[in-house]
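Engineer: Protein sequence lines correspond, in order, to chains Y and V.
Reminder that position 421 of the first sequence reads as 421 in our numbering, one-by-one numbering, no gaps.
Reminder that position 305 of the second sequence reads as 305 in our numbering, one-by-one numbering, no gaps.
Keep in mind the hints are simulated off the structure, nothing from the lab.
Here the structure is a predicted model, which means the values were calculated and not measured.
Glycine included, C-beta positions come from ideal geometry on N, C-alpha and C.
All clues stand as given, with none of them false.
For each label pair, taking beta carbons as the anchor points, the in silico distance ranges come out as: (1) S156(Y) with N115(V): 30 to 36 Å; (2) P109(Y) with E467(V): 37 to 43 Å; (3) D155(V) with R224(Y): 33 to 39 Å; (4) T4(Y) with T464(V): 36 to 42 Å; (5) E221(V) with R224(Y): 36 to 42 Å.
EDC-like, lysine to aspartate or glutamate: derived pairs with alpha carbons at most 20 Å apart: (6) K574(Y) with E512(V); (7) K498(Y) with D463(Y); (8) K582(Y) with E578(V).
Protein chains: 2
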Amino acid sequence: MYRTNTCGELRIKNVGQKVTLTGWVQRTRKMGGMTFVDLRDRYGITQLVFNNETNAELCDRANKLGREYVIQIEGLVSERFSKNDKMPTGEIEILADTLNVLNESLTPPFTIEDNTDGGDDLRMKYRYLDIRRDAVRKNLELRHKMTLEVRRYLDSLGFLEVETPALIGSTPEGARDFIVPSRMNPGQFYALPQSPQTLKQLLMVGGVDRYFQIVKCFRDEDLRADRQPEFTQIDCEMSFVEQDDIINTFEGMAKYLFKTVRGVELGNKPFLRLPWIEAMKRFGSDKPDMRFGMEFVELMDVLKGSGEFSVFNDAEYIGGICVPGCADYTRKQLDELTNFVKSPQIGAKGLVYAKVNENGTIKSSVDKFYSVDVLQKLQEAMGANPNDLILILSGLNAMKTRKQLCELRLLMGERLGLRDHNKFALLWVVDFPMFEWSEEEQRLMAMHHPFTSPKPSDIALLDTAPEKVCADAYDMVCNGIEVGGGSIRIYDAKLQAKIFEVLGFTPEKAQEQFGFLINAFKYGAPPHGGLAYGLDRWVSIFAGLDSIRDCIAFPKNNSGRDVMLDAPTAVDPKQLDELFIKLDLKQK
Amino acid sequence: MYRTNTCGELRIKNVGQKVTLTGWVQRTRKMGGMTFVDLRDRYGITQLVFNNETNAELCDRANKLGREYVIQIEGLVSERFSKNDKMPTGEIEILADTLNVLNESLTPPFTIEDNTDGGDDLRMKYRYLDIRRDAVRKNLELRHKMTLEVRRYLDSLGFLEVETPALIGSTPEGARDFIVPSRMNPGQFYALPQSPQTLKQLLMVGGVDRYFQIVKCFRDEDLRADRQPEFTQIDCEMSFVEQDDIINTFEGMAKYLFKTVRGVELGNKPFLRLPWIEAMKRFGSDKPDMRFGMEFVELMDVLKGSGEFSVFNDAEYIGGICVPGCADYTRKQLDELTNFVKSPQIGAKGLVYAKVNENGTIKSSVDKFYSVDVLQKLQEAMGANPNDLILILSGLNAMKTRKQLCELRLLMGERLGLRDHNKFALLWVVDFPMFEWSEEEQRLMAMHHPFTSPKPSDIALLDTAPEKVCADAYDMVCNGIEVGGGSIRIYDAKLQAKIFEVLGFTPEKAQEQFGFLINAFKYGAPPHGGLAYGLDRWVSIFAGLDSIRDCIAFPKNNSGRDVMLDAPTAVDPKQLDELFIKLDLKQK
Chain Y
1 MYRTNTCGEL
11 RIKNVGQKVT
21 LTGWVQRTRK
31 MGGMTFVDLR
41 DRYGITQLVF
51 NNETNAELCD
61 RANKLGREYV
71 IQIEGLVSER
81 FSKNDKMPTG
91 EIEILADTLN
101 VLNESLTPPF
111 TIEDNTDGGD
121 DLRMKYRYLD
131 IRRDAVRKNL
141 ELRHKMTLEV
151 RRYLDSLGFL
161 EVETPALIGS
171 TPEGARDFIV
181 PSRMNPGQFY
191 ALPQSPQTLK
201 QLLMVGGVDR
211 YFQIVKCFRD
221 EDLRADRQPE
231 FTQIDCEMSF
241 VEQDDIINTF
251 EGMAKYLFKT
261 VRGVELGNKP
271 FLRLPWIEAM
281 KRFGSDKPDM
291 RFGMEFVELM
301 DVLKGSGEFS
311 VFNDAEYIGG
321 ICVPGCADYT
331 RKQLDELTNF
341 VKSPQIGAKG
351 LVYAKVNENG
361 TIKSSVDKFY
371 SVDVLQKLQE
381 AMGANPNDLI
391 LILSGLNAMK
401 TRKQLCELRL
411 LMGERLGLRD
421 HNKFALLWVV
431 DFPMFEWSEE
441 EQRLMAMHHP
451 FTSPKPSDIA
461 LLDTAPEKVC
471 ADAYDMVCNG
481 IEVGGGSIRI
491 YDAKLQAKIF
501 EVLGFTPEKA
511 QEQFGFLINA
521 FKYGAPPHGG
531 LAYGLDRWVS
541 IFAGLDSIRD
551 CIAFPKNNSG
561 RDVMLDAPTA
571 VDPKQLDELF
581 IKLDLKQK
Chain V
1 MYRTNTCGEL
11 RIKNVGQKVT
21 LTGWVQRTRK
31 MGGMTFVDLR
41 DRYGITQLVF
51 NNETNAELCD
61 RANKLGREYV
71 IQIEGLVSER
81 FSKNDKMPTG
91 EIEILADTLN
101 VLNESLTPPF
111 TIEDNTDGGD
121 DLRMKYRYLD
131 IRRDAVRKNL
141 ELRHKMTLEV
151 RRYLDSLGFL
161 EVETPALIGS
171 TPEGARDFIV
181 PSRMNPGQFY
191 ALPQSPQTLK
201 QLLMVGGVDR
211 YFQIVKCFRD
221 EDLRADRQPE
231 FTQIDCEMSF
241 VEQDDIINTF
251 EGMAKYLFKT
261 VRGVELGNKP
271 FLRLPWIEAM
281 KRFGSDKPDM
291 RFGMEFVELM
301 DVLKGSGEFS
311 VFNDAEYIGG
321 ICVPGCADYT
331 RKQLDELTNF
341 VKSPQIGAKG
351 LVYAKVNENG
361 TIKSSVDKFY
371 SVDVLQKLQE
381 AMGANPNDLI
391 LILSGLNAMK
401 TRKQLCELRL
411 LMGERLGLRD
421 HNKFALLWVV
431 DFPMFEWSEE
441 EQRLMAMHHP
451 FTSPKPSDIA
461 LLDTAPEKVC
471 ADAYDMVCNG
481 IEVGGGSIRI
491 YDAKLQAKIF
501 EVLGFTPEKA
511 QEQFGFLINA
521 FKYGAPPHGG
531 LAYGLDRWVS
541 IFAGLDSIRD
551 CIAFPKNNSG
561 RDVMLDAPTA
571 VDPKQLDELF
581 IKLDLKQK
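Let the hints inform the model, and build the full structure from the sequences given.
Structural biologist: Shown next as structure tokens:
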């Protein structure tokens, strides 16, 4: 080994030891005939001292060290005169006897500090330098610890990690597949899995009973701010279980991970299980952020038809939130909120407010349309106190309006500092609708996927009112983010056929697309269900980050490019020949 | 839960308990007014009893159960009259009160038994049924345990598991890449990694210090019997280390895995470290099977020029093995061996034998060319005893002939039962040549890869005799199989440039192909090295299997097809349009 110790481990008890250290030069400074070098590696920083009086030649060489040079030194661990209690090695320093430059470095394009001067693009291009920064490396360490603890927990419950193939077949349902031309099967393509959904169900048919896998998945979708074309799932499935069994098992895992990886005790109380429809009505979202209140109050009874305001009188939905202590919002601040809700990504028509003054009177933007009595009723309905600000949205489509109000609620929570990265609010959203109407395809689509089981009590509705059928599907939500989701699967061939019928599949089309699974289910499929967590997302929550990007060693940018590797690239025409394809750039 | 217990856990101490079990019907049989059902799940088999006298209706329904039906029963754990000590649950049976058929099954296309009547093709098509067999499921359990223990061991040494991307750039060096068209970057392609080699080196530049990953890798090569287009590596890299550090670390891991996963104690003695040239001379292979002897004896001194046999007189190499106790081989058996070595996959011109008779005399196929004295010297050189059979190959190319003799040695070892699946011989092969001559490309090629470091003592030879340069490269070999291999990497930019020069790369070409790595190395690359193990191969050794296929849940056949999923497939022309490619089947 090039070293006897790392840069993070020497303490006052090591004083007097001869050691050899290696690492990167963080900084050098001269002071009173001495040269001090901060030597850094993954484990920490240790101060080196070169003495100009006792060894001028060595000190001279130390003075010439550049940032990020890789060096090896021998020296004596000594107690510092001026100790630094901010760093674990701050009580000692190394009096260096030798200095060996293992490698030089060009001046790095940004500083290797927690608060770097490098912008996002530069950091991504030189990601190998970015990773030297504590802030990024710690996320990789967190990710390592998290996957280790997931495996430990699931192994203790008898789950088997089974690797499923990465080269599978393409299915038209779901998101767009990445495809891979097959050289040995001309004209045919593999697809990279969007998830191992059908494969894990085949493992259940195979009697594996409890399966999991931490697995790369792929979706060729346009990348929004926080999506990656390749992402990692903690994918799980169990046999002979009902919804409660899965919820209990994975709630246990969440609590275990919060405790062992994040050091947070979530307690023994079960997580809230919120029916989807209630989540929509109270928070306008199937992933409500429950770190704070400001729940929706429906105001149709209070405001519709009780005054001359035609917007409300025409509305299918009127709802408000009560923002505590914000009655002092200025005209400008209120205009800002109005512009926010009217922005294209939110799409509301306008915002109505009502301030509850110190003295209990109300000042609202719709004063002229409503009597004092109605405004009083509004205040009562909202449970608003003096100094509170009531914000109201209305619209012709209840669900759309709720989603708009949700965005406003989140913004106000953010402004009031209620969305604390160190506070965690976990819950299950359950009883999702089985189907949703697709305007584009003019048919019902599976909200989850076509193998999700309807609630047994709702099966009769499949014939009469399929849109009312709820599914045995569940999402785990943390701080307004869906961290995982799953369902009980159909294992009865007749029920599966019925679902395909409701989805508008002919039996032939169902067979063509999912034949391998439908056939497998003829050979004794057990009752089963499961769920999948998004690993990148979960690590980012633990890391207190808004983006998943810094929880991934080598992420891609919004055009799906790896700017460090400069991939994807053009390939040799010979490669395409071998694959029986050619470029067709005419539409470009 | 559908069950209170699994089919593997009930024992005599549970007698008197009311239980609910679920599982698959392994078999049913009627005997003396009773119906017995063997109920199977992943954990074992439990016998159920249905009594025709006490509940004729229930018993009647039990009689109608088909193989592989999925059922749920309630009943009382009872002591058996006739115990079966071959199964863990053999002392008890369940007196069934209820029977609930959860799912029916068609008659499976092969028997779900350790010795199934299903052929390979049928088993692969219905792999989900094949996995229900103990023999296959146990391999998946072994694989799960192996990866868990690898992670446990490496975590305990401070290694971080870091996920590297699956969508990277294509590099012309090495095997053929699988490529993935990019929709967002028209005309460009990702490649699936053949290994994360360059990425893990970038992590070392990034100061990760100790990295590992259990990771899918991809090679689009023609599939020989035991290769898969996607396979799994245990990929590792360390900084600030020399060859000995890596060998010690991963020898420790091998011993740990043998102990914890396979229950085999390999002892404290270090593995043999055999220089490549010695491995070639003694075994004709860089992955010698050292479970048995029969080492090569070079016979040039003894046989070349000492008789009238022109084949030997013209040879560049003559070598023999001494097969103990096989002097009684018949003419027919010897002809068989001759045909074996002359077969196209071996390619020898012929086989010479010499039998040492009971009385010490020698009978050889080249008697007429050599004096008794020379044959005596042959016997001495070979250390042959009475009843031994000496087998000799010769050729104009020493290395080629040694490889042929290696195949013969392995065959004889197999015939003598010396290649025992329960015996393990591990060693390191070290000091590999840095380069090998490519007849096809008429240039030196990197034997390992272009980032492998030459031995420091051999660097001077790079200018004068590059073909003589040895590398700091090492393979771990178990039972004649390379289970892993790696090297110390170059971290000095000038040395790297020199190696590219020897490989015939212009600086421009080197920059074009490996620019991202060469540039990264300008910013303080630490000394580093690593290795990668083949997980599939290693699991197959632990499982005592010759093929890796049954250690993989869903393997592909020799045409790269998944016959269960029926992938790859044709895709919708719209998908190709979006990717800016079209089919070009003219050459098909």
